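There are 2 protein chains.
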Amino acid sequence: MRDPVELAAAYLEVPSVTGDEAALARLVGEHLDAAGLRVEVVAGCVVARNHGGDSSATLLVGHLDTVPGELPVAVDELVLRGRGAVDMKAGLAVAVALACSEPSVPVTVVAYPGEEGPITGNGLAHLVAERPELLAGARGVLLEPTGGFLELGCQGVVRATLRLRGRRAHVARAWMGRNAIDRVGEALGTLRALERREPQIGPVRYREAIEVVGVRGGVAWNVVPDLVEIDVSYRFAPDLDAARARQRLEEAVRPVMDDGDDLEVAEAVPGAVSDLGRFGALRSGAFGVRAKLGWTDVAQLVAAGVPAVNFGPGDPELAHTDQEMVEVAEVRHVAQALWRWLHA
Amino acid sequence: MRDPVELAAAYLEVPSVTGDEAALARLVGEHLDAAGLRVEVVAGCVVARNHGGDSSATLLVGHLDTVPGELPVAVDELVLRGRGAVDMKAGLAVAVALACSEPSVPVTVVAYPGEEGPITGNGLAHLVAERPELLAGARGVLLEPTGGFLELGCQGVVRATLRLRGRRAHVARAWMGRNAIDRVGEALGTLRALERREPQIGPVRYREAIEVVGVRGGVAWNVVPDLVEIDVSYRFAPDLDAARARQRLEEAVRPVMDDGDDLEVAEAVPGAVSDLGRFGALRSGAFGVRAKLGWTDVAQLVAAGVPAVNFGPGDPELAHTDQEMVEVAEVRHVAQALWRWLHA
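Top to bottom, those sequences are chains A and B.
Okay, so the first sequence: first residue is 4 according to the working numbering, each after it adds one.
Okay, so the second sequence: first residue is 4 according to the working numbering, each after it adds one.
Among the hints, a few may not be true.
Claimed, not checked - Stretch-level coverage of chain B by chain A, calculated; a stretch enters the list once three of its residues show a Cβ under 8 Å from a Cβ in chain A:
| hint | region |
| --- | --- |
| 1 | 179 to 188 |
| 2 | 213 to 221 |
| 3 | 225 to 231 |
Just so you know, these hints were derived from the structure itself, not from any lab.
A quick note: this is a predicted structure, and the numbers were derived from the prediction, not measured.
Virtual Cβ for every residue (Gly too), placed ideally from N, Cα, C.
This is chain A alone, in the form it adopts within the complex (with noise of 0.2 Å):
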């Protein structure tokens, strides 16, 4: 098999903040196609396939992007050091490894950019829109970091603001208005109280976030606030579509609002389940078997009709980290565990 490691070292030596991923796109097309393979390139998104249009086909699936931040890349005999090692240079390298080494089954490698932006910037989200039919596939592996384990679905992502309203007045007269400020000890309690549901599904068990990520309110110092602004992070498990989760935040703070209160919800994304059924022989190359708790673009894969799970080498407590660094050992088990999956 091609070295995923030698191709981790070259890609890390081309810097890909997002926005700027058109060099690392070129060399990742390059080498794909000194393989063979037919490529294709559709808003941003390098697509090389050994196939010419199969629905059994494997989708191998990783971003081009990187967070700001440069760090020095530094490669030894145990490890890869430098912005991106873990997410997902590393993971990306296997991705393209395994395609450049002549796979006897039917393989699509996605390389995408503008994953670490807005949704708005996403380029699968883009290819899903212009080009699906390069996705069909059985079955699809995004190579995020998950430090070796099979991390399957991953949770949906409620982001709501709520907007709590008093009445202005000076502060030496406060008793002639009503400070929304005082308000926000009673929506926070409620919150509190919401049950973090973590549902076993399949093999994992999710476990739900709900937390108060913002908080703003006040005028001047003489001006009882008469606005207060809580904003709130809603991780769910993939048992609940989008509208129900949503659905659950609002009747959770529905008692605590007041006319001319709102909750604004600003995204409801959904999560996925992943269909372990495909994914079984995975399951002994790989560390461990859990739920993925944050969102990825497996939720992506899946919408597109593709049953996708989260594998990849890397630390994911280390991503967008000034500490980023891949153990050489972990990217080639990684590689080995899902050649032998793809000739299962």
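Keeping the supplied structure of chain A fixed, place chain B upon it in accordance with the hints.
Here is chain B on its own, set in the frame of chain A:
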């Protein structure tokens, strides 16, 4: 007596937003000079005396500046409208009119800039620092709008920011962090439980206000926040000095503070008590007597050794609003009451 309404109408025609008071200062100085007073300008303050330094003088004090926001000037036989009509060109005009009417007692007029901005730009504070002897006197009236009531003293102010800390984490792994915003409810409850004192001091009752006037926290939608800041305004009755008021707030919040938290006191300025003995004859000319619940420059006069009260035309509720207007009859009533008191 010189007509204060005519002077007020003239002052309304000269915009004097904080920082841009020179034109109005010139006009006020000309009026006082033309009436034969000795006029000096110190740190932007116009100081005019009909005496050579009499420690029994009465100080008539008002600020030149207004908040921003020009308003059309309209004057008829009933009301004066325009920016500063209430706060406090009518009061300033009363002071100038009294001094220009050949009072038979020693009078000092102080017209100062920078009252509506931060205390660092307050002209009266600069005058106290540079030429305290100009403020020598037996009694002072600050002609801020009181609606013709005699308002005694003023409350002090503590402005403080409580910082509560937590530990950052990704929201999908919220249990690895500590959400600082979740601590806001307890802090608000503690502040709500703190007694708002209503001490009787002489003939009036003060009424404290403790208000959370600002709250800020949040890093990003996917981050459990590690810091929240809570701005607290404590308007305290003048039976406490600033140090004791500050201590009272510190003791109240200490039970909710952990290691790493802090309470930063941005400002702790004392209030003042008016010695009513010097103002008995003014009481009969006022619509009533009550405590001043806001902070005013009466505190600076009292701190400079001059017993002082608030007494001026205009409804303080209209100050800083676009509805600023003052009744002609009230302006004349206040001027007459002061004239009789000066000569009692």
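Outcome of the hint check:
1. For the region 179 to 188 of chain B, the proposed coverage by chain A is satisfied: 5 residues have a C-beta within less than 8 Å of a C-beta in that chain, meeting the threshold of three.
2. Coverage of a stretch by a chain is defined here by at least three residues with a beta carbon nearer than 8 Å to that chain's beta carbons; for the region 213 to 221 of chain B and chain A the count is 8, and the condition holds.
3. Given a C-beta distance limit of less than 8 Å, the hint that chain A covers the region 225 to 231 of chain B holds, as 5 residues qualify and 3 suffice.
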